[in-house]
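Chemist: Chain residues, written in single-letter form:
Protein chains: 2
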Amino acid sequence: MVTLLEVTDITASVGEVCCAPLVREPIGQAEADKLAVTLKALADPARLRLLSIVASSEGQEACVCDLIAPVGLSQPTVSHHLKVLTEAGFLSRSKRGTWAYYRLAPDALTGVADFLTI
Amino acid sequence: MVTLLEVTDITASVGEVCCAPLVREPIGQAEADKLAVTLKALADPARLRLLSIVASSEGQEACVCDLIAPVGLSQPTVSHHLKVLTEAGFLSRSKRGTWAYYRLAPDALTGVADFLTI
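Chains C and D, in that order, are what the protein sequence lines are. Numbered per the UniProt record's numbering, the first sequence spans residues 1 to 118. Numbered per the UniProt record's numbering, the second sequence spans residues 1 to 118.
For the record, the hints were derived by calculation from the structure and aren't laboratory data. Just so you know, these numbers come straight off a predicted model, no measurement behind them. Among the clues, some could well be false.
One copy or two, it doesn't matter: identical chains are merged, so the pair holds either way.
As the list claims (entries may be wrong) - Listed below are the simulated DSSO-like cross-link pairs for lysine-lysine, each with C-alpha atoms no more than 30 Å apart in a straight line:
(1) 40 to 83
(2) 83 to 95
(3) 34 to 95
(4) 34 to 83
Here chain C stands alone, though its shape is the one from the complex (with noise of 0.2 Å):
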């Protein structure tokens, strides 16, 4: 009688060690909901746009009078914009004297790019 012995190669089954949470495993539905809302905020030409002025200023920081026209959109259009990055984490705004200024709250971003890093 010959007694078959099943051998199981466990290298195969460790894979390489990732540390991205995309990859690792099945994201749940609540980090999926929460990963698509910010992704939204950052899906749009003019806010990508507006992030990338305001990242690239000095001190990573402009104020509103200088992102509309090189944008060219609406005032209001601009406001809007920078509210929705501004809520998703992106930017932080202060008042001084008449205008508004914009800074770039690096977090966010490094947060979205790590999530989606392999």
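Starting from the known structure of chain C, fit chain D onto it as the hints suggest.
Modeler: Frame of chain C; chain D shown alone:
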């Protein structure tokens, strides 16, 4: 006669060398349009969950037949979301027998993450 020499502190204008396109300089309209389309494909809870299930599967590949139950959506809805992810470059599709298989195309995800990494 006194000659005034203007001394420019060049170190002040050198700034930090930075890698993220979004932070290095204001992105242009064409680049913003392209990135927004890619981010829109990601910015949906069902698509994030589907992408995450595929990405965390063995070989980063999954049969469409194994993707329907976990997200609790109809087969046509799941197929639509998979099509959006495939067209955006996040997944590749191959047909084997009756079923379609989806595999993670990691470059697209890395591309978005690199763009946003500060």
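Chemist: Between residue 83 and residue 95, at a C-alpha cutoff of 30 Å, which is it: within one copy, between copies, both, or neither?
Modeler: Answer is within: at 14 Å inside a copy they meet the 30 Å cutoff, but 45 Å across does not.
Chemist: If the cutoff is 30 Å on CA atoms, where do residue 40 and residue 83 land: within, between, both or neither? Let me know, please.
Modeler: both (13 Å within a copy, 19 Å between copies)
Chemist: Could you figure out if residue 34 and residue 83 sit no more than 30 Å apart (CA to CA) within one copy, between two copies, both or neither?
Modeler: The answer is both: 18 Å in one copy and 22 Å across copies each meet 30 Å.
Chemist: Check residue 34 against residue 95 for me: Cα-Cα at most 30 Å, and say if that holds within a copy, between copies, both or neither.
Modeler: within (29 Å within a copy, 33 Å between copies)
Hint violations for this structure: none, all hints satisfied.
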